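Q: Each chain is listed here by its residues.
2 protein chains.
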Amino acid sequence: MKAMLDKLLLALSKINSDICFEIRFWDGESKTYGEGKPAFVLTFGSERAAKRILRDGALGFGEEYMDGNINVDGDFSELMHLGATPTIEDIKLSLPTKLGFLLQHLRTLNSASRSAKNISYHYDRGNDFYKLWLDESMTYSCAYFHSENDTLEKAQQQKYEHICRKLQLKKGETLADIGCGWGGMLIYAAKHYGIKGVGCTLSRAQVDYGQQKIRAEGLEDQVSIIYQDYRKLTGTFDKFVSIGMFEHVGKNYIPTFLAKVHSLLKPSGLGLLHTIGKEKATPPDAWTLKYIFPGGYIPILDEIVRGMGKTGLVPNDMENLRIHYAMTLEEWSKRYEANVAAVRKMFDERFVRMWRMFLNGSAAGFRYGTTRLYQIVFTNGLNNSLPLTRQYIYS
Amino acid sequence: MKAMLDKLLLALSKINSDICFEIRFWDGESKTYGEGKPAFVLTFGSERAAKRILRDGALGFGEEYMDGNINVDGDFSELMHLGATPTIEDIKLSLPTKLGFLLQHLRTLNSASRSAKNISYHYDRGNDFYKLWLDESMTYSCAYFHSENDTLEKAQQQKYEHICRKLQLKKGETLADIGCGWGGMLIYAAKHYGIKGVGCTLSRAQVDYGQQKIRAEGLEDQVSIIYQDYRKLTGTFDKFVSIGMFEHVGKNYIPTFLAKVHSLLKPSGLGLLHTIGKEKATPPDAWTLKYIFPGGYIPILDEIVRGMGKTGLVPNDMENLRIHYAMTLEEWSKRYEANVAAVRKMFDERFVRMWRMFLNGSAAGFRYGTTRLYQIVFTNGLNNSLPLTRQYIYS
Numbered sequence: 018m019k020a021m022l023d024k025l026l027l028a029l030s031k032i033n034s035d036i037c038f039e040i041r042f043w044d045g046e047s048k049t050y051g052e053g054k055p056a057f058v059l060t061f062g063s064e065r066a067a068k069r070i071l072r073d074g075a076l077g078f079g080e081e082y083m084d085g086n087i088n089v090d091g092d093f094s095e096l097m098h099l100g101a102t103p104t105i106e107d108i109k110l111s112l113p114t115k116l117g118f119l120l121q122h123l124r125t126l127n128s129a130s131r132s133a134k135n136i137s138y139h140y141d142r143g144n145d146f147y148k149l150w151l152d153e154s155m156t157y158s159c160a161y162f163h164s165e166n167d168t169l170e171k172a173q174q175q176k177y178e179h180i181c182r183k184l185q186l187k188k189g190e191t192l193a194d195i196g197c198g199w200g201g202m203l204i205y206a207a208k209h210y211g212i213k214g215v216g217c218t219l220s221r222a223q224v225d226y227g228q229q230k231i232r233a234e235g236l237e238d239q240v241s242i243i244y245q246d247y248r249k250l251t252g253t254f255d256k257f258v259s260i261g262m263f264e265h266v267g268k269n270y271i272p273t274f275l276a277k278v279h280s281l282l283k284p285s286g287l288g289l290l291h292t293i294g295k296e297k298a299t300p301p302d303a304w305t306l307k308y309i310f311p312g313g314y315i316p317i318l319d320e321i322v323r324g325m326g327k328t329g330l331v332p333n334d335m336e337n338l339r340i341h342y343a344m345t346l347e348e349w350s351k352r353y354e355a356n357v358a359a360v361r362k363m364f365d366e367r368f369v370r371m372w373r374m375f376l377n378g379s380a381a382g383f384r385y386g387t388t389r390l391y392q393i394v395f396t397n398g399l400n401n402s403l404p405l406t407r408q409y410i411y412s
Numbered sequence: 018m019k020a021m022l023d024k025l026l027l028a029l030s031k032i033n034s035d036i037c038f039e040i041r042f043w044d045g046e047s048k049t050y051g052e053g054k055p056a057f058v059l060t061f062g063s064e065r066a067a068k069r070i071l072r073d074g075a076l077g078f079g080e081e082y083m084d085g086n087i088n089v090d091g092d093f094s095e096l097m098h099l100g101a102t103p104t105i106e107d108i109k110l111s112l113p114t115k116l117g118f119l120l121q122h123l124r125t126l127n128s129a130s131r132s133a134k135n136i137s138y139h140y141d142r143g144n145d146f147y148k149l150w151l152d153e154s155m156t157y158s159c160a161y162f163h164s165e166n167d168t169l170e171k172a173q174q175q176k177y178e179h180i181c182r183k184l185q186l187k188k189g190e191t192l193a194d195i196g197c198g199w200g201g202m203l204i205y206a207a208k209h210y211g212i213k214g215v216g217c218t219l220s221r222a223q224v225d226y227g228q229q230k231i232r233a234e235g236l237e238d239q240v241s242i243i244y245q246d247y248r249k250l251t252g253t254f255d256k257f258v259s260i261g262m263f264e265h266v267g268k269n270y271i272p273t274f275l276a277k278v279h280s281l282l283k284p285s286g287l288g289l290l291h292t293i294g295k296e297k298a299t300p301p302d303a304w305t306l307k308y309i310f311p312g313g314y315i316p317i318l319d320e321i322v323r324g325m326g327k328t329g330l331v332p333n334d335m336e337n338l339r340i341h342y343a344m345t346l347e348e349w350s351k352r353y354e355a356n357v358a359a360v361r362k363m364f365d366e367r368f369v370r371m372w373r374m375f376l377n378g379s380a381a382g383f384r385y386g387t388t389r390l391y392q393i394v395f396t397n398g399l400n401n402s403l404p405l406t407r408q409y410i411y412s
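So the sequences go chain by chain: U and G.
Reading the first sequence from the start, the letters are residues 18 to 412 in our numbering.
Reading the second sequence from the start, the letters are residues 18 to 412 in our numbering.
One or more hints might be untrue.
Interface residues of chain U toward chain G, partial, derived using beta-carbon atoms under 8 Å [stated by the list, open to error]:
{"#": "1", "residue": "ARG41"}
{"#": "2", "residue": "LYS307"}
{"#": "3", "residue": "VAL322"}
{"#": "4", "residue": "ASP334"}
{"#": "5", "residue": "ILE340"}
Taking beta-carbon pairs under 7 Å as the criterion, some of the chain G residues facing chain U (in silico) [claimed, not checked]:
{"#": "6", "residue": "MET21"}
{"#": "7", "residue": "LYS297"}
{"#": "8", "residue": "ASP319"}
{"#": "9", "residue": "VAL322"}
For the record, the hints were derived by calculation from the structure and aren't laboratory data.
Fair warning: this is a prediction, and the values are worked out from it, not measured in the lab.
For every residue, glycine included, the Cβ atom is placed at its ideal position computed from N, Cα and C.
This is chain U alone, in the form it adopts within the complex (with noise of 0.2 Å):
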């Protein structure tokens, strides 16, 4: 058992060379992998742990993490690091994973139900919880960086101003926001551009914030948020946009979620899918599945744009903002830590181990692994009108 897992050790050392670790077996044994001082020390509980790990991948080091029976001190953003690597997944495309794969897919057959009780597992832990680690304007999706400097408060402004340039936004436009969260996009649309804007969310939490935000800002003649599953939205639009939530539609529903777009958009409107990707199909995380996103699905890149094309959207612009994803990640980590003390009083240790290594493995994921952030810009069937150059996001 320990020998093996000393190899698997070994192996993953060999292609992290640039990461030293030590690890304590549960026989009190120790042992330190790589050259230097150790980034991080992972202590084994119990034999039953390696076990896990071994038979388990993610979801077994995840749930022995969880319960205490394996402790990380030091760099924890190091170890999501070390199990980011690519080639672990490859070693692991055997039987199992396409089991998984199976799995993966069923779990994410996302019926109007099955979708609402998803949405609320993972958005409804309170809006208290959130704000200890989000920034001022509840932004939940990856922020945009013009600098490494940025906070992340103007990472996030930067990121919609990104977008209502991208999308072209116009005085008096309409726009839709499927997965509008707590408002962010719609307030900042309307705020600065000046638009119309109807969102949805099945977070009752969210609307119930970005109705009173909205309110606060003298803004309820302009944007409002319903709770309303995508399927159900109608109405006809200027512009479109949805940020971060097409990552829970589920591969089944990809098509019944762009022909939705495609009906809410006026013809030659433009649109703009901000999603987790990858160019790649890779095993599921099976741990993130059951504990954190149940019914998530992230999409590969070719599915996208085929479903685009299938149903009449164009595609017009495509921005992979990856690194932006791992810094947002690794930002809301700190925060995170630094009130980790307020998340113990409001839930148990299993939910702080939990978190702690969703928002550390979702940052590895964005800065070593295979996720993506993508920007889409379409257009609904062609648009001949646009400016030539992509010149005026720019200026």
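Using the hints provided, position chain G relative to the given structure of chain U.
A: Below, chain G alone, put in the same frame as chain U:
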């Protein structure tokens, strides 16, 4: 027969209500479709010519027009606009269309020897012929217009500049250019960015012309053009580019092409693929495949990004320059007609008509139809040192 044709023309006219045109039938009768002054008059010399359109679509029209059994007076491009109506293609998604897909597939199994023949067929028509309607840099791909008023010469240089910026070329870097044509890209990058590079093509006329120009510019220590199949190109390069060559690869060889790119490019290196494509599978254009680009295959966007993902190339930025290719082709077409007397001295009337239809039909395909122009920037594996924004392309 006439009734069926009339029905088709009425349907086309209804979809394109802004185009008025006159048809002169083989029996002397004539009819105007749409309102206003006809943009063109199409005359059927025989009933057979009309029959062939109904039976063979674009292939039938093209052959009958080339043979002079159909004549067109007035604005030929508006006739192509009519033909580019996407709905027309949907009508034809029948058994013959599916057979067409299969045939196209068989015709695009581009082995090295077949590639050499196919490329020579199109590009070895004589440099003097291409000089009649290309710009002075002999650039035979989509230009990049900053404004509607830019000359073709300016727009082609801007295209090279745009690509150099996207590739973040630096002095002394090495660049591989697959399908380098008459050398425009290599010469621009060598002169303005001080790169060293190699380009390959399967047109002897292009090698001769390009090598001569490189010597004339005194750049022979920096760049060279070789007669070689892309599958045989070797070396490791800092950067990679391919402009308007991917359309000759063929569906079956997309993985081969991308694996070659992967092997030529340094880890984390930047590459740019500039290619015609479409977001949706559409019936093959039998006429173009037979007369213009034997072995040609217009890839679907999802095939490209899926192929990249499988090969380890990470798509980072996609820009759809569709309308620029319409403008480029419209300008080529204008120059072609201005020099048609000189073309007539080189080729017969059938060729003159064939090329007219190619240029006008292609322009209409980009402006009104289903063809797009993608510039995709990618990295070989991850690159965490890229600029945060795309501002550097625009300042």
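Q: If a hint holds in the structure, say so; if it does not, say that too.
A: Hints versus structure:
1. ARG41: violated, 31 Å
2. LYS307: With a closest approach of 26 Å, the LYS307 of chain U hint is violated.
3. VAL322: holds, 5 Å
4. ASP334: Check passed: Cβ of ASP334 of chain U comes within 6 Å of chain G, closer than 8 Å.
5. ILE340: Holds. Min distance 6 Å.
6. MET21: violated, 29 Å
7. LYS297: Result: holds, 4 Å to nearest chain U Cβ.
8. ASP319: Check passed: Cβ of ASP319 of chain G comes within 4 Å of chain U, closer than 7 Å.
9. VAL322: Hint on VAL322 of chain G: holds, closest Cβ of chain U at ~5 Å, below 7 Å.
The structure does not agree with the numbered hints 1, 2, 6 stated previously, though it agrees with the rest.
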